[in-house]
Amino acid sequence: MYRSIFMVICLLLLSILLMNATAAGQKVMSVQVKEGQLRATPSHLGKIVAKVSYGDRVTVSEERGDWKKVSLNRKSQGWIHISALTSKQIALRAGQGNVKSSVSGDEIALAGKGFNKEVEAQYRQNNKNLDYAWIDRMEAIKVSPKQMDDFVAVGRLTPGAEGGKR
Amino acid sequence: MKNLIWRAGAMALIVLFLASCAAMDTVTGVATEVGVQTGTISRQQGQSIKKSTKAVAKSMEDFTPEQEYYIGRTVGAIVLAKYKALPDKRANAYLNLLGQTLAQASDTPELFAGYHVLVLDSDDINAFATPGGHIFVTRGLIRCCRSEDALAAVVAHEIGHIQLRHGMKAIEKARMTEALTILAQEGAKSFGSREVAQLTQAFGGVISDITNTMINNGYSRSYEYQADAVAVTILRRVGYNPGALTEMLGVMAKQMKPGGTDFAKTHPSPENRIAELKESGKSLSGAETPNVRKQRFTKALSRL
Numbered sequence: 001m002y003r004s005i006f007m008v009i010c011l012l013l014l015s016i017l018l019m020n021a022t023a024a025g026q027k028v029m030s031v032q033v034k035e036g037q038l039r040a041t042p043s044h045l046g047k048i049v050a051k052v053s054y055g056d057r058v059t060v061s062e063e064r065g066d067w068k069k070v071s072l073n074r075k076s077q078g079w080i081h082i083s084a085l086t087s088k089q090i091a092l093r094a095g096q097g098n099v100k101s102s103v104s105g106d107e108i109a110l111a112g113k114g115f116n117k118e119v120e121a122q123y124r125q126n127n128k129n130l131d132y133a134w135i136d137r138m139e140a141i142k143v144s145p146k147q148m149d150d151f152v153a154v155g156r157l158t159p160g161a162e163g164g165k166r
Numbered sequence: 001m002k003n004l005i006w007r008a009g010a011m012a013l014i015v016l017f018l019a020s021c022a023a024m025d026t027v028t029g030v031a032t033e034v035g036v037q038t039g040t041i042s043r044q045q046g047q048s049i050k051k052s053t054k055a056v057a058k059s060m061e062d063f064t065p066e067q068e069y070y071i072g073r074t075v076g077a078i079v080l081a082k083y084k085a086l087p088d089k090r091a092n093a094y095l096n097l098l099g100q101t102l103a104q105a106s107d108t109p110e111l112f113a114g115y116h117v118l119v120l121d122s123d124d125i126n127a128f129a130t131p132g133g134h135i136f137v138t139r140g141l142i143r144c145c146r147s148e149d150a151l152a153a154v155v156a157h158e159i160g161h162i163q164l165r166h167g168m169k170a171i172e173k174a175r176m177t178e179a180l181t182i183l184a185q186e187g188a189k190s191f192g193s194r195e196v197a198q199l200t201q202a203f204g205g206v207i208s209d210i211t212n213t214m215i216n217n218g219y220s221r222s223y224e225y226q227a228d229a230v231a232v233t234i235l236r237r238v239g240y241n242p243g244a245l246t247e248m249l250g251v252m253a254k255q256m257k258p259g260g261t262d263f264a265k266t267h268p269s270p271e272n273r274i275a276e277l278k279e280s281g282k283s284l285s286g287a288e289t290p291n292v293r294k295q296r297f298t299k300a301l302s303r304l
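So the protein sequences, as listed, match chains A and B.
Using my numbering, you'd call the opening residue of the first sequence number 1 and step up by one each time.
Using my numbering, you'd call the opening residue of the second sequence number 1 and step up by one each time.
These aren't lab readings, by the way, just hints derived from the structure by calculation.
Mixed in with the good hints, there may be bad ones.
Stated by the list, open to error - In silico lysine-lysine, DSS-like type, Cα no more than 30 Å apart, as pairs: (1) B:82 <-> A:142; (2) A:128 <-> B:89; (3) A:146 <-> B:299.
Just so we're clear, the structure is a prediction, and the values are computed from it rather than from any experiment.
The following block holds chain B by itself, in its conformation from the complex (with noise of 0.2 Å):
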């Protein structure tokens, strides 16, 4: 009898000590050792908590940035599968000067490998940025800026998507824990070519489920909203003209096809996103857009 009791206190001790510490997983590796070890529990047992513990701290932020990274690389060569890259160096240049200023302002400044922007070569209205902080966007899309400040606009959604991982929540939740769980097998060895191939079918199924949502059926519209929120508040950061974001929306709106199979299809209308942004309260007034802005944009863009 009062070996059970001393067996009930040393349990909930640990029980206690598992739900109030941050470091979890440590703390229930050690504790399930130590109740094992002392025969309080058995090793089926320890062996259980320790699974169950893993479960629930399987989340996105499992996956490090450096992993991020290469989802990134891969779903931007699916990107380039559907679409050519342009090879116009100014416009390139010029599109990367803007992108990384932006993303300097935003709350994730600094990604593993930066943020990088390339032009697409379509009459397409659309941009995609992925995980790795890849951004792409059309020529149909650059054809709908007027200014600087309306493409400052146009790569400043496409980073709020970055830095609210949109692209890493289109990965369905059994597909997370599956990855998850090929990636906790590792521990400290190396992978043998079996592993190998099991995490490049997980690896397979993550870029699936990121490119179906971003290219074919398009995030949430909740997500948009979100993404023109942080572009709004970037392009106040660095001193551009919020307005033009709206006013980008309207050229779009005018140059799109009902029924389309770009922008259209994946995004809530333009109407809709300016409608989103005046509800929204954010100011979107700001001063007139410079000369020199205006002159520097044509110029990298000439070819275009």
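For reference, chain A alone in the conformation it holds in the complex (with noise of 0.2 Å):
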């Protein structure tokens, strides 16, 4: 009896890491920037080719050095840098089919729960000194990708700097 037990055990724990080191060959990443770009080449001044937003599940098929080549829905594909990339899986909403509450909040991330807009909404009624406009303000000033090209140039600076950990 115990044997069979015991037997039955082995096997979903080996097939549990079994489906971990699928998981891992894919390479399934998660966008975890609110928009994100996918370039033509792995730098900041390559030409971007997509698009991509918060929770977008993209599949690497490629690595050099900071950057990595995705595809999303096998369509457009492009480079992105891994510090707008993470291996959790970002759901949407709760309570979408991808969510099921067996999955530990380690490999999920739950995209607009926790500390998010109705908690920030909720401390602004009890906080009513503090103002928001020039944060939205300041958040509202966008730098476009041929302005920065031309401050560089201009600056007489060094182009496509980049870092990374090395």
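From the two separate chains plus the hints, produce the assembled complex.
Okay, here's the thing in structure tokens:
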């Protein structure tokens, strides 16, 4: 009796490990920024070929330094910086098909949950002296890639300066 | 007797898998479930195993970038309750262009909602950076900068604090655990108003931990030196003269009032920062700032 239970446990644990291994082999990652850009070349100077948004699941096909070549729904393909990606799965809405309560919070991040707009609104209710108008205004200041290229060129700075953990 | 050996064997195997597997929580969940189903462990034991691995897994990393963004917005609003924004379009546009160029050369070029810079209308010498990528620099600190390179050093130092997540590290451990415990409860359910109230309280705690450190007490000296080191790296990558950082610190040392309430209170002295930079062995030499850079710097900040 216990021998067979032991076997069942072994098989189950092995299958879990194997499942994880397959998942790692495919390297599916999630976009963890509000708006991300896929570029033609692995550089911030690369032409933007597609846009991705928070929670999009992308498949990694190639890596170069801190850049990953990914594809979205097998359609758009391009390079994105590693800091825009996470290995966690991001569920866009609670109760959505891909959110199973059995999956732990460590593999899934619920978008829009936790400290979110709603919590901010409640906090603002309780702290009426705080003014977020300038926070919104500063976030709305946009810098285009063209402006940045010009800024670097005119200022005789280094084009395409990249960071990365070396 | 035989049963006991099998039970022990099964438990040992479960423990072994728990210890070795990276996806610890899923495995724990499933393994404990198996344990409970087969009767090797009781339901209560299973629950406590699940809880303890959860507690171990709790760390700063459990806050999503989106949550750090919302934390950052409110930290920024508190900075703006102390200092007024300077509504100088030209200066703010210039600082954002500079800031985003520098941020791209940091190790964290992509934040949830990107990097944004705002000038504060104050003669205090001060600057702040929130976990959400909001960077604030006072007029007083900008006046310590004689060139774009020096201003770049100031902004790059703040980017350093963001890259190294110093703001998030200011959250007290107990607070972190408390907040993440509430967050963990949610599972896939929607929040009710009671939970929102609870979360808002935890949020308030997190905010006060960060702002107390950032605005009132200052980060540790080592954090400031680390941010300086990141600044030097970014300046070099972008093509600025890293020596501009020490030059700016020199000006600051002269302009800062001893015992002041601003930078002097929350930062190591400029002299110590210069000494630390020199000791770090990082090369601080660089090319002279070209005239074009000097001109656009003066033009953009002429109304300050």
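Ascending list of hint numbers which this structure does not respect:
none
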